[in-house]
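Residue numbers (my numbering), protein chains in the order written: chain A, 1 to 250; chain B, 1 to 250.
It is worth saying that the hints were derived from the structure and are not from the lab. Just so it is clear, the structure is predicted and the values come from calculations on it, not from any experiment. Accuracy of the hints is not assured; some may be wrong.
Stated by the list, open to error - Within a straight-line C-alpha distance of at most 25 Å, the following computed SDA-like cross-link-like pairs (lysine to any residue) qualify: (1) A:Lys91 <-> B:Leu248; (2) A:Lys91 <-> B:Glu96; (3) B:Lys146 <-> B:Gly161; (4) A:Lys77 <-> B:Arg67; (5) B:Lys77 <-> A:Gly186.
There are 2 protein chains.
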Amino acid sequence: MTRLTVTPLHGLPEIRPGDDLATLIRGAARAEHEEVRDGDIVVIAQKIVSKSEGRIVHLADVTPGERAREMAAESGKDARQIEVVLSECAKIVRWERGILICETRHGFVCANAGVDRSNAGAPDTVVLLPVDPDASATRLRDAFAKAAGATVAVVVTDTFGRAWREGHTNIAIGIAGLPALKRYVGQRDPEGYELRVTEIAVADEIAGAAELVMGKLDRCPVAIVRGFTLDEPAETAQEYVRPADRDLFR
Amino acid sequence: MTRLTVTPLHGLPEIRPGDDLATLIRGAARAEHEEVRDGDIVVIAQKIVSKSEGRIVHLADVTPGERAREMAAESGKDARQIEVVLSECAKIVRWERGILICETRHGFVCANAGVDRSNAGAPDTVVLLPVDPDASATRLRDAFAKAAGATVAVVVTDTFGRAWREGHTNIAIGIAGLPALKRYVGQRDPEGYELRVTEIAVADEIAGAAELVMGKLDRCPVAIVRGFTLDEPAETAQEYVRPADRDLFR
Numbered sequence: 001m002t003r004l005t006v007t008p009l010h011g012l013p014e015i016r017p018g019d020d021l022a023t024l025i026r027g028a029a030r031a032e033h034e035e036v037r038d039g040d041i042v043v044i045a046q047k048i049v050s051k052s053e054g055r056i057v058h059l060a061d062v063t064p065g066e067r068a069r070e071m072a073a074e075s076g077k078d079a080r081q082i083e084v085v086l087s088e089c090a091k092i093v094r095w096e097r098g099i100l101i102c103e104t105r106h107g108f109v110c111a112n113a114g115v116d117r118s119n120a121g122a123p124d125t126v127v128l129l130p131v132d133p134d135a136s137a138t139r140l141r142d143a144f145a146k147a148a149g150a151t152v153a154v155v156v157t158d159t160f161g162r163a164w165r166e167g168h169t170n171i172a173i174g175i176a177g178l179p180a181l182k183r184y185v186g187q188r189d190p191e192g193y194e195l196r197v198t199e200i201a202v203a204d205e206i207a208g209a210a211e212l213v214m215g216k217l218d219r220c221p222v223a224i225v226r227g228f229t230l231d232e233p234a235e236t237a238q239e240y241v242r243p244a245d246r247d248l249f250r
Numbered sequence: 001m002t003r004l005t006v007t008p009l010h011g012l013p014e015i016r017p018g019d020d021l022a023t024l025i026r027g028a029a030r031a032e033h034e035e036v037r038d039g040d041i042v043v044i045a046q047k048i049v050s051k052s053e054g055r056i057v058h059l060a061d062v063t064p065g066e067r068a069r070e071m072a073a074e075s076g077k078d079a080r081q082i083e084v085v086l087s088e089c090a091k092i093v094r095w096e097r098g099i100l101i102c103e104t105r106h107g108f109v110c111a112n113a114g115v116d117r118s119n120a121g122a123p124d125t126v127v128l129l130p131v132d133p134d135a136s137a138t139r140l141r142d143a144f145a146k147a148a149g150a151t152v153a154v155v156v157t158d159t160f161g162r163a164w165r166e167g168h169t170n171i172a173i174g175i176a177g178l179p180a181l182k183r184y185v186g187q188r189d190p191e192g193y194e195l196r197v198t199e200i201a202v203a204d205e206i207a208g209a210a211e212l213v214m215g216k217l218d219r220c221p222v223a224i225v226r227g228f229t230l231d232e233p234a235e236t237a238q239e240y241v242r243p244a245d246r247d248l249f250r
């Protein structure tokens, strides 16, 4: 019986630009008598990845443009923060009732282009998504190989809302060493019918499983998922980006 | 360190109307030297819940109406199956390129109102969603109390697609003994900022975690999630239904 375990890692310090996350995570694991091992999936919240990469903006340094000032007046929000969101936004999908749903340059659709003021580590500061979360995941994967001698997979996550459904879930925005999708295309059930669901977003489900042990307030931005094996080629989170021309809801 | 474990249960027989799922699941657990225990979350795929409840339609018994025949001609699909989908559909959200996105009577938005021909257990047969998946979950929870003397939570799941994002994920359509949402509303980070993400869809994440050990083809429709505690009042999956007037994408 293959059992999956999901273990939270506590005790990481506040992350600063330039910090070596792989070494810090390995240290946090060891402090809890845990090791980062071959085959582990290390799930890391985007916020600490972004902080380590310096993807931080101090709002005092931002001069909002006209559009941001208009939107701020309309919504009662901080014009400087809206300016940062607009600069991260490739396309506005919806702007209604103060809710700004963006398509990011990565192709992800989410609120505020992933720009977030909470848990930024300093006042009047916002954290942006990594420029290339798949590249971040790959760098971290390589760093674990170096620091721990372990071949791991890495999933960089953020917590996104959904259409139609209340509540946010943790999903994968960057992946290394793991497929994004488990494919059943063309496979048939015992009666010979093709399966209805043909692609499962496994890295998104791994991100969600990790969230269950992570916490927003108790500073636990890392979890290790163990026991998941999928013998398919590694992919990036770009597999999740549905082209606009195939999307019924954009 | 609180660790979450997710254990698949194999060895269930093909489920028939009237089957006592709780007893069968307990038996499958015991066959693998496992016990259903207090505090466990038993995650069960909708398909076997529906089958045990007789939510099965033989297409030979279906006479498609005019609308179903038109849609079948347009899409090349089986008019009888479309007729069943329409009968399960409270509102058509999209009908484009042969893809039918429905709002079900429960308020869920998904393809084909959850009607599925694959893994139906017999040819020319479709399986519908349970009439009331929360009630199904509650009945199963009560049955585990009786059969195993254990106070468990139950999550009934299905695999839905998402807007904007490729791949399906397993989500909760019925819940008993567990909150649907973990709420951070009004909670503040160390700098005093209100958290951006205020409601996490934990039962959806539990459903996704379970899917990672379940399989579509190897008949493993049950998993036990252990180690998750949330001291908040139990809710139903109706918490996930976003009212149409608060929805930007319907």
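Against the structure, the hints come out as follows:
no., hint, result
1, A:Lys91 <-> B:Leu248, "holds (16 Å)"
2, A:Lys91 <-> B:Glu96, "holds (23 Å)"
3, B:Lys146 <-> B:Gly161, "violated (35 Å)"
4, A:Lys77 <-> B:Arg67, "violated (47 Å)"
5, B:Lys77 <-> A:Gly186, "holds (17 Å)"
Violated hints, in rising order: 3 and 4; the structure is consistent with all others.
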